[in-house]
Amino acid sequence: MYPGRFEYQAPTTLEEALATLDRYGDEGKVLAGGQSLLPLMKLRFASPRALVDINRVAGLDRLAEEDGELRIGALVRHRDCERSELLGGRWGVLADAAPQISDPIVRNLGTVAGSLAHADPQGDWGSALLAADARVVAASAGGRREIPLDELLLGPFTTALEPNEIITEVRVPDPGARAAGTYLKLERRVGDFATVAVAVHVSFADGTVSRAGIALTAVGPRNLRATDAEAALAGAPLDDEAIREAARLAAGAAEPRDDVRGSADYKRNVVRVFVERGLRMAARPEERGDVPRAAAAPPGRPEPSEEFAGEETAEDVMKEIREKEDQ
Amino acid sequence: MSATVSGETAETTHAITVTLNRQERSAEVEPRLLLVHFLRGTLGLTGTHVGCDTTSCGACTVLLDGKPIKSCTFLAVQADGREVTTVEGLVRDGGLHPIQEGFKEEHGLQCGFCTPGMMLTATALLAENPNPSEEEIRWALSGNVCRCTGYQNIVKAVQWAAAKMAEEGR
Ligand SMILES: Cc1cc2nc3c(=O)[nH]c(=O)nc-3n(C[C@H](O)[C@H](O)[C@H](O)COP(=O)(O)OP(=O)(O)OC[C@H]3O[C@@H](n4cnc5c(N)ncnc54)[C@H](O)[C@@H]3O)c2cc1C
Ligand code: FES
Ligand code: FES
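The listed protein sequences derive, respectively, from chains A and B. No gaps in the numbering here: position 265 of the first sequence is 265 in my numbering, and each next residue is one more. All you need for my numbering is the position in the second sequence, starting with 1, plus 1000.
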């Protein structure tokens, strides 16, 4: 298989890239990691007249913390996030998501910004970054604007980006001094898209939740934010009762469908269990132990338990995690 | 190459120079030519295999500036000015690379279809992490599918190579 004919442009500056994209109107496409676009072009689901390859544009590969915010440049690969020391701790939701995306070879090329622009409802970055309240910087020949992720993602493979816009950077706000989170993904095998995944990102102040971010993958037309659950958690202590109620509300926000990966009921139940489990981990991050972040190391993520229906206590979950890590 | 816009004739080929297995190779390529077709078709290097052709199996894995990528999902024109290593490039001074010896010694292959990709991914792992645990090896190879071996001997082959390379001080 090979793509249809197209013109190829490889600009080296952002200005040149924006001008080139602008000239092609809606017939040009940005090429970043190519790990979604090229497969689509090979299958002829996409046949753009031109590709504007941004891989040679200088300055887009920065992953840095600035004024407390995390800045993820357009050419930051999944691999870079997987290996970055910046992403642990307060941004645990991002650190835990990175190594669960696709397989190690795809992660060497695929980008965070490209994932958001692709807007696959089964994509993992969409949820992890929604939970973290991220926004994107979109530049065009005419200027630049910031778009909150919640407004960027419109539906399956559909975003609010104009055809002449390039996401230059993803910005993740400072979650405050005390914040914790995780990304829990159920997949049929390593490298698969999610059957269901849940992103949890909680900031604390004075022993109560100051902000809760909960987002759901693969259970709707786009990455969904569980807004009712988020609202219920804000301003209260993160205790067992609050956690159970939030998990129930999040399961209600899911819009799963029956498919080869599972029935709608099953997926809804996984959402409930994962939100509960993720919030318990956020409540007591010190108990989750060291997540291995070394090069090429597997993520220290808890495996989904056999029994999804039962109630879990924090003790059960932590015991399970520790056992897995001791192995 | 200058941009072409509506009304102008599209440039159809691009001149590229790739450092392939430590040698510079130049060619004129159409933008839509995939790297794997450039290697196999244009240059006749058939050690890089095509399995799924849908970015899933890793049979087409090559190293781009030392990192494994799937050459069925990368354009030849994107490789311009960069370094590409294929299985043909593993041989050093006419002798087998330790990873190749490892696959031979530990019976790390049966039909051999996945083997070039496996060896290249493993080489990149060992360059980054010379003494990987079994779990790290399995994790690093999780994008390379083998339908024959059950992976057991592939893991042993990588461990064999790690030990040999440590011994040789590579
Ligand atoms: C086998 C396989 C398994 C995968 N599994 C997963 C998975 O489990 N979870 C997951 O989340 N993803 C998965 N992916 C997708 C992968 O993460 C892609 O890397 C990602 O979806 C797209 O990023 P990219 O940089 O490769 O974008 P590209 O393929 O280059 O582009 C994708 C789209 O975004 C546009 N675009 C790219 N960058 C920009 C930009 N900066 N500004 C504006 N538009 C832009 C392109 O024009 C195109 O429309 C998988 C892919 C493969 C091949
Ligand atoms: S042939 Fe490229 S991944 Fe299978
Ligand atoms: S040896 Fe046959 S596919 Fe791996």
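Derived by calculation from the structure, the hints in this document are not laboratory data. Hints may be right or wrong, so weigh each one.
[Said to hold, decoys possible] Over the 12 angstroms line for every Cβ pair with chain A, so calculated as not near, a few chain B residues:
(1) Pro1031
(2) Lys1070
(3) Arg1092
[To be verified] Reference excerpt, derived from the structure (chain B facing chain A, CB under 7 angstroms, subset only):
(4) Val1050
(5) Asp1053
(6) Thr1073
(7) Arg1082
(8) His1097
All C-beta atoms in this analysis are idealised placements derived from N, C-alpha and C, irrespective of residue type, glycine included.
Against the structure, the hints come out as follows:
1. Pro1031: Incorrect as stated: the minimum Cβ-Cβ distance to chain A is 4 angstroms, not above 12 angstroms.
2. Lys1070: Given that some Cβ of chain A is not farther than 12 angstroms from that of lysine 1070 (chain B), nearest at about 6 angstroms, it is violated.
3. Arg1092: 23 angstroms, holds
4. Val1050: 9 angstroms, violated
5. Asp1053: Because about 5 angstroms separates aspartate 1053 (chain B) from the closest Cβ in chain A, which is inside the 7 angstroms limit, the hint holds.
6. Thr1073: For threonine 1073 (chain B), the interface hint holds, since the closest Cβ of chain A sits about 5 angstroms away, which is under 7 angstroms.
7. Arg1082: 10 angstroms, violated
8. His1097: 19 angstroms, violated
Of the hints listed earlier, those the structure fails to meet are numbers 1, 2, 4, 7, 8, in rising order.
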